[in-house]
Amino acid sequence: MTDLLRTPLYDLNVELGGKMVPFAGYEMPVQFAGIMAEHTHTREKAGLFDVSHMGQVILSGAPMAQIAAAFERLVPMDVVGLAEGRQRYGLFLNDAGGILDDLMFSNRGDHLFVVVNAACKQADVARMKAALEPAVTVTHVEDRALLALQGPEAERVLAAMNPAAAEMRFMDVATLELNGVECWVSRSGYTGEDGYEISVPGDQAEALARALLAHEDVAPIGLGARDSLRLEAGLCLYGHDIDETTTPVEAALTWAIQKARRAGGAREGGFPGSDVVLRQMAEGAPRRRVGLRPQGRAPMREGVEIFAAPEGGEPVGRITSGGFGPTVGGPVAMGYVPTELAAPGTELFGELRGKRLPLKVETLPFVAARFKR
Amino acid sequence: MKYTEEHEWLLPEGDLLVVGVTEHAAEQLGDVVFVELPEPGTEVAKGDEVAVIESVKAASDILAPVDGEIVEVNEALTDNPGLVNEDPLGKGWFFKMKPANMSDIDDFMDEAAYKEFIG
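Protein chains in written order, with the numbering used here: chain A, 1 to 373; chain B, 374 to 492.
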């Protein structure tokens with residue numbers, strides 16, 4: 001694993017017993033105590049995740065209105081209307097409306113702060129530089145770590161370090177002093193639970209992580225449980241549930257496209273792929289991402305083909321994420337099916353080891369979100 | 374008890390062979406959430422995929438260690454697959470088979486050799 005990068009928390013992850021695996025070019029902990037226990041701990045108390053492999057980018061160097069207007073030409077989101085101190089979920093699209101990456105962006109007063117996926121970050125930075133510079137300065141922030149503190153006890157834990165953490169609502173962002181260090185904090189996450197994502201200077205990250213872990217309710221959580229938590233929460237994993245071949249309409253992500261950018265909106269279209277996306281929003285798309293619940297106990301994982309009938313016929317779709325949902329207590333999955341088969345309750349079949357086993361379309365999320373709105 | 378390179382343990386019991394996965398395998402798999410067992414009466418050849426074990430992480434196959442016939446399976450695993458983690462060498466057994474030749478197991482590793490094998 002000599003070519004792999006390490007996050008500022010690498011030594012701590014190893015010290016805590018993390019089983020390290022290659023992920024998106026980094027050596028990351030896939031588990032500590034065990035995926036099931038970590039998953040449950042996060043749902044019941046608070047889990048601490050090292051997500052420092054993700055890309056952090058600052059867009060600055062111009063008045064905010066100008067930065068926002070420029071960034072709006074790259075994403076189908078309402079950036080201009082995003083209030084200071086607020087964050088939104090975003091998507092980079094190609095000209096065919098295919099998803100190049102999903103991201104979070106926030107208005108931090110004099111700059112936009114963008115967090116992108118690890119595997120896509122170099123391409124995303126290059127894309128933003130090409131499109132925005134020189135009018136807007138694109139800075140890839142590589143000297144900061146990113147921690148996520150997730151779970152029902154996250155607020156109590158973080159508020160003990162700084163009471164202002166409790167004042168934040170879901171998708172608020174703020175600069176908070178934590179453990180004596182200025183951190184960029186958002187109230188958001190990737191588990192369906194309440195919680196925070198914390199950008200901290202790399203050389204201060206271990207001290208902050210240790211301070212958080214000192215709380216009896218906080219345990220370190222690996223990528224394995226991060227995946228089962230987000231799957232139960234119905235959240236997409238880039239490169240699996242969404243990629244260049246899926247549009248936001250197919251991926252059931254149109255909720256992320258605000259009114260201002262839709263047909264008839266104040267700043268309709270004008271983003272890569274807008275022709276395709278707006279047409280699909282009006283006319284529908286041929287397929288749709290749905291929640292799928294295997295009716296037996298066998299997990300159905302990514303790649304399992306979906307059929308409309310117990311015998312014969314061609315596959316109608318494919319599972320893009322699947323596994324065992326510890327909170328659900330059974331197998332859960334997501335995948336794409338033809339729109340006419342996408343209604344909740346529709347009975348389908350997944351082919352597992354040569355056998356077609358029943359599968360039911362289910363409304364996402366599998367586990368209700370517990371955000372503090 | 375004998376051990377295979379696929380991390381199965383084999384325990385002769387009269388003219389039958391009890392088969393399960395080792396503690397090391399159970400640990401590597403992580404929390405087991407589903408086990409698919411063969412039908413008793415199935416004739417199997419060495420290397421056949423006879424059972425499937427799914428953990429939160431991934432699916433793995435359990436292979437027939439020798440030629441023979443499956444005579445009994447551990448139904449308790451269907452309802453409680455976690456037994457594989459709790460007691461891999463005991464209550465977490467997978468199946469009993471009648472080997473075509475019990476001497477076929479002689480070539481497998483003993484405990485000392487297996488310990489060396491897993492390092």
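Hints were generated in silico from the structure; no laboratory data involved. Being a predicted model, the structure only gives us computed values, none of them experimental. Any given hint could be a false lead.
[Said to hold, decoys possible] As a list, the in silico DSSO-like pairs of lysine-lysine whose alpha-carbon atoms are at most 30 Å apart:
hint, chain 1, residue 1, chain 2, residue 2
1, A, Lys355, B, Lys488
2, A, Lys19, B, Lys375
3, B, Lys469, B, Lys419
Status of the hints after comparison with the structure:
1. A:Lys355 with B:Lys488: violated, 37 Å
2. A:Lys19 with B:Lys375: Status holds; Cα separation ~29 Å.
3. B:Lys469 with B:Lys419: holds, 14 Å
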